[in-house]
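Student: In the order they appear, the protein sequences are chains A and B.
Numbering of the first sequence is given in this note's numbering, commencing with residue 1 and proceeding in unit increments.
Numbering of the second sequence is given in this note's numbering, commencing with residue 1 and proceeding in unit increments.
Just so you know, the hints here were simulated from the structure itself, not pulled from any lab data.
A couple of the hints might just be wrong.
As the list claims (entries may be wrong) - Which residues of chain A face chain B? A few of them, derived with a C-beta cut under 10 Å, are:
#1 L35
#2 I53
#3 G61
#4 L63
#5 G70
#6 R74
#7 K115
#8 G119
#9 T126
#10 N129
#11 Q130
Said to hold, decoys possible - In silico lysine to aspartate or glutamate, EDC-like type, Cα no more than 20 Å apart, as pairs:
#12 A:K104 with B:E38
#13 A:K90 with B:E82
#14 A:K106 with B:E82
#15 A:K92 with B:E38
#16 B:K134 with B:E110
#17 A:K92 with B:D76
#18 B:K125 with A:E139
#19 A:K115 with B:E82
Backbone N, C-alpha and C define an ideal beta-carbon position, used for all residues, glycine too.
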Amino acid sequence: MSEQRRYFHEIPLGEEYESPGRTVTESDLVIFSGLTGDYNVLHTDAEFMKQSIFGERIAHGLLCLAIQSGLFNRAATEYATLGLAGLRWKFKAPVKIGDTIRLKAKVSAKKDLDKADRGLVTIERTIVNQRDEVVQQGETDLIVEKKR
Amino acid sequence: MSIRGTYFEDIEVDKIRETPAITVTETHVSLYLGLTREPAAAPAAVPAALVLCMSIGLGWRVKEPPLAVLAFVGLDWQIVREVRVGDTVHGRSRILSKRPMRDGGFVVDERSLIDQHGEVVQQGKFTFLVAKRKEVPA
Numbered sequence: 001m002s003e004q005r006r007y008f009h010e011i012p013l014g015e016e017y018e019s020p021g022r023t024v025t026e027s028d029l030v031i032f033s034g035l036t037g038d039y040n041v042l043h044t045d046a047e048f049m050k051q052s053i054f055g056e057r058i059a060h061g062l063l064c065l066a067i068q069s070g071l072f073n074r075a076a077t078e079y080a081t082l083g084l085a086g087l088r089w090k091f092k093a094p095v096k097i098g099d100t101i102r103l104k105a106k107v108s109a110k111k112d113l114d115k116a117d118r119g120l121v122t123i124e125r126t127i128v129n130q131r132d133e134v135v136q137q138g139e140t141d142l143i144v145e146k147k148r
Numbered sequence: 001m002s003i004r005g006t007y008f009e010d011i012e013v014d015k016i017r018e019t020p021a022i023t024v025t026e027t028h029v030s031l032y033l034g035l036t037r038e039p040a041a042a043p044a045a046v047p048a049a050l051v052l053c054m055s056i057g058l059g060w061r062v063k064e065p066p067l068a069v070l071a072f073v074g075l076d077w078q079i080v081r082e083v084r085v086g087d088t089v090h091g092r093s094r095i096l097s098k099r100p101m102r103d104g105g106f107v108v109d110e111r112s113l114i115d116q117h118g119e120v121v122q123q124g125k126f127t128f129l130v131a132k133r134k135e136v137p138a
């Protein structure tokens, strides 16, 4: 384990993070369809989507949700995370191939759990695109280890 | 061309659908970690978000046509227990409610993911905007 991992008490409430950008590519969509089996026409049929309100294929909502999880780890010093407990999430606007997304995040709540060796850290998260438009927004609850 | 699937009008509230299962492999985890650049998990651990992502594809393997989704609106999701490489999960879903809008309608889908022991590993609610039959673009 790296010494840089931060334990529950070392994570200040209100701390903010901003990630580097990540361009969402056609390859991301194709790999994600293959990985998950989600071949919805929204993500896979370029001709059909030309005639849709989006005008082109859009990224899977959950693909961007997964990508932001990786972006969070590039923005914040690694937590001593034991696992994800839950999330509440809204998909606000489409992400298209070639869009560059970034994560803005903030530690919005911390609470103790029944087990003395861990606590719950709630992170408020907003994904924005290259025009600073909010594309996804939500909260995630992480179970983080306490230092003994 | 049109979106094929179950349109808003045809969705049956309270009907339970069970999906086929999928075994979560080391390959799924490797592809997922490369795609998202999440830090490598402990050996045999499966990132919870990967299991959530795979649940959508399970819904595509049932006989009934999938919902004619115009947009994925949001989700509330709880992780109940850890999934390990080699575990086999399937989904169970039930439409809780549907609410017509001018363009399509909102549908709340209650889902759980269940492992090979019959234990719920993740559960929650998905909200979709689903196309009405007449609004499907020609």
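Student: Hint by hint, note whether the structure agrees.
Tutor: Status of each hint after checking the structure:
1. L35: holds (5 Å)
2. I53: holds (8 Å)
3. G61: Hint on G61 of chain A: holds, closest Cβ of chain B at ~4 Å, below 10 Å.
4. L63: Holds, about 8 Å.
5. G70: holds (4 Å)
6. R74: holds (7 Å)
7. K115: It is violated, given that the least Cβ distance between K115 of chain A and chain B is near 14 Å, above 10 Å.
8. G119: violated (16 Å)
9. T126: violated (14 Å)
10. N129: violated (16 Å)
11. Q130: violated (19 Å)
12. A:K104 with B:E38: holds (17 Å)
13. A:K90 with B:E82: violated (24 Å)
14. A:K106 with B:E82: violated (26 Å)
15. A:K92 with B:E38: Status violated; Cα separation ~23 Å.
16. B:K134 with B:E110: Violated: K134 of chain B and E110 of chain B sit about 26 Å apart, past 20 Å.
17. A:K92 with B:D76: Given pair K92 of chain A, D76 of chain B holds - Cα atoms ~15 Å apart, limit 20 Å.
18. B:K125 with A:E139: Judged against 20 Å, a Cα distance of about 15 Å means the pair holds.
19. A:K115 with B:E82: Judged against 20 Å, a Cα distance of about 17 Å means the pair holds.
In summary, the structure is inconsistent with hints 7, 8, 9, 10, 11, 13, 14, 15 and 16 from the numbered list given earlier, while agreeing with the others.
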